[in-house]
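K.L.:
One letter stands for each residue in the lines below.
Protein chains: 2
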Amino acid sequence: MDENVVIYLVSDSSIDTAEHVAAIAASRFGANISQIKKFPYVGDKNQIDEIAIDASNNKNSLIIHTMVVDELKKHLLKKAQQFNLRIVDVMGPIMDAIEGTTGIPPSDLFFPKRKLDEDYFKKMDAIEFAVKHDDGKDANGILLADVVILGVSRTSKTPLCMYLAHKYIKAANFPLVPEVDPPRELFEIDHNRIFGLMINIDNLVEIRKERLKSLGLDSKAVYAAKDRIIKELNYAKEVMQRLDCTVIDVTNKAVEETASIILNKINKGGL
Amino acid sequence: MDENVVIYLVSDSSIDTAEHVAAIAASRFGANISQIKKFPYVGDKNQIDEIAIDASNNKNSLIIHTMVVDELKKHLLKKAQQFNLRIVDVMGPIMDAIEGTTGIPPSDLFFPKRKLDEDYFKKMDAIEFAVKHDDGKDANGILLADVVILGVSRTSKTPLCMYLAHKYIKAANFPLVPEVDPPRELFEIDHNRIFGLMINIDNLVEIRKERLKSLGLDSKAVYAAKDRIIKELNYAKEVMQRLDCTVIDVTNKAVEETASIILNKINKGGL
Numbered sequence: 001m002d003e004n005v006v007i008y009l010v011s012d013s014s015i016d017t018a019e020h021v022a023a024i025a026a027s028r029f030g031a032n033i034s035q036i037k038k039f040p041y042v043g044d045k046n047q048i049d050e051i052a053i054d055a056s057n058n059k060n061s062l063i064i065h066t067m068v069v070d071e072l073k074k075h076l077l078k079k080a081q082q083f084n085l086r087i088v089d090v091m092g093p094i095m096d097a098i099e100g101t102t103g104i105p106p107s108d109l110f111f112p113k114r115k116l117d118e119d120y121f122k123k124m125d126a127i128e129f130a131v132k133h134d135d136g137k138d139a140n141g142i143l144l145a146d147v148v149i150l151g152v153s154r155t156s157k158t159p160l161c162m163y164l165a166h167k168y169i170k171a172a173n174f175p176l177v178p179e180v181d182p183p184r185e186l187f188e189i190d191h192n193r194i195f196g197l198m199i200n201i202d203n204l205v206e207i208r209k210e211r212l213k214s215l216g217l218d219s220k221a222v223y224a225a226k227d228r229i230i231k232e233l234n235y236a237k238e239v240m241q242r243l244d245c246t247v248i249d250v251t252n253k254a255v256e257e258t259a260s261i262i263l264n265k266i267n268k269g270g271l
Numbered sequence: 001m002d003e004n005v006v007i008y009l010v011s012d013s014s015i016d017t018a019e020h021v022a023a024i025a026a027s028r029f030g031a032n033i034s035q036i037k038k039f040p041y042v043g044d045k046n047q048i049d050e051i052a053i054d055a056s057n058n059k060n061s062l063i064i065h066t067m068v069v070d071e072l073k074k075h076l077l078k079k080a081q082q083f084n085l086r087i088v089d090v091m092g093p094i095m096d097a098i099e100g101t102t103g104i105p106p107s108d109l110f111f112p113k114r115k116l117d118e119d120y121f122k123k124m125d126a127i128e129f130a131v132k133h134d135d136g137k138d139a140n141g142i143l144l145a146d147v148v149i150l151g152v153s154r155t156s157k158t159p160l161c162m163y164l165a166h167k168y169i170k171a172a173n174f175p176l177v178p179e180v181d182p183p184r185e186l187f188e189i190d191h192n193r194i195f196g197l198m199i200n201i202d203n204l205v206e207i208r209k210e211r212l213k214s215l216g217l218d219s220k221a222v223y224a225a226k227d228r229i230i231k232e233l234n235y236a237k238e239v240m241q242r243l244d245c246t247v248i249d250v251t252n253k254a255v256e257e258t259a260s261i262i263l264n265k266i267n268k269g270g271l
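Chains X and Z supply the protein sequences, listed in that same order. For the first sequence, the UniProt record's numbering assigns the number 271 to the last residue and increments by one with no breaks. For the second sequence, the UniProt record's numbering assigns the number 271 to the last residue and increments by one with no breaks.
Any given hint could be a false lead.
Short derived list, chain Z residues pointing at chain X, Cβ under 10 Å [claimed, not checked]:
| # | residue |
| --- | --- |
| 1 | 14 |
| 2 | 28 |
| 3 | 57 |
| 4 | 61 |
| 5 | 97 |
| 6 | 101 |
| 7 | 251 |
| 8 | 254 |
| 9 | 263 |
| 10 | 264 |
| 11 | 266 |
The set of hints was computed from the structure by calculation and includes no laboratory data. Quick reminder that beta carbons are idealized off the backbone N, C-alpha and C, glycines included.
Construct the entire structure; sequences and hints are all you get.
P.N.:
And the structure:
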């Protein structure tokens, strides 16, 4: 039995969902997945035919699809049967479960376009907000933001704010450095909207050394020196205490995980 | 039969995948989904018990889960059976299909941590790069970027670059305005790395009017005037022709869709 699988991700819209699912599968099967081929925005039957022919040329193909347009979905299933291809429908079981509960079949229409547009522009705005108020660029952002993120350098403030923007949250971030006083705006807003990021000292030493290396700089610079990092973290802790903000330990946490803590907290707080 | 479903999203890691799936389902069932409750990073059996009890209090609950830790997954299934709850396993069919093809059961271990870390920091770097080189902030970014995005105001350059960053692509963006000469760096790089965004005139008029409104400004400002927009778009077109870059019409396209065109093109080009 050949142990290598070629995964085909097929969707009539974005393949983000299929990609997420394939990434989780790959994390458990690792080396046995030799290739992932991506086919987003598949819009006609000819494209489906080409994908099926391509997949039939591989000994171990697996098609993972998130098709929702009925005609295209049916054509894909027909082709898979014709070429004897293994195929998994990511959305099918969920759609069936909802239909089974409500007794109502899914609409052929999508969610009202208006709502989608609103969400879309809300997300774009939140992303632009995060970019504009990254790295303490504009203290005014503190007053306008849904949440403000504080932390020393290399605590993933920027990626965190971007991730929050994808969840429609306007996030501004502000770096903490012992040599610069925190802006007074921080003391004017509700402390429940402020989140301070802390991190284990040794981890931060390693992260900063890697950063210096990737920039082609000497990893012995003061930026990555343990003494300096202890001083910075102590200062950051002291500022966070003065602000009485929520402190999150981000050591070994993925950005999604930190974001999830923040989202839970502000949802409960009704922000 | 009660037509309203409460969806429970449960995962032992991020619920992004479950959320994607729920969003697609919601787009077909719309009003029949009355609430979506989210439980990311579920790490112990007590939490699962609480979720099951909560779900059993709703008449029409549906649990959508992406659990991969075997012990937790089994406990969730046991609880669902006990309370007679409808439950959908997003990952199960895919894991089974891969196992069926390879004859190899999934590993209890995740993908080597090292690889995950590398991907993680690569993504963080790409996001920081996009933020740093947003909106023509630094012409040097043009030389360092994997791709450069050009377009007039409100063609979604920033969100596009952020989305590309999530796909590990370092993208810089540069606004085109008739009054400012495009930086010479644009003419020094491979034109296959440059992408120009174009948009339908009337759509852009509407988008800019909305923008002005959302900023509390008069929507009759020159920024949203048709004459001005025609002038800007003509100028942009002319610059794109001089650069001989790929031009993408973003009218009514989602950012993911535009990104997908770019990713296909640079993957083929072997960038």
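K.L.:
Against each hint, give a clear statement of whether it holds in the structure.
P.N.:
Hint-by-hint comparison with the structure:
no.	hint	verdict
1	14	holds (4 Å)
2	28	holds (4 Å)
3	57	violated (15 Å)
4	61	holds (8 Å)
5	97	holds (5 Å)
6	101	holds (5 Å)
7	251	violated (13 Å)
8	254	holds (7 Å)
9	263	holds (8 Å)
10	264	holds (9 Å)
11	266	violated (13 Å)
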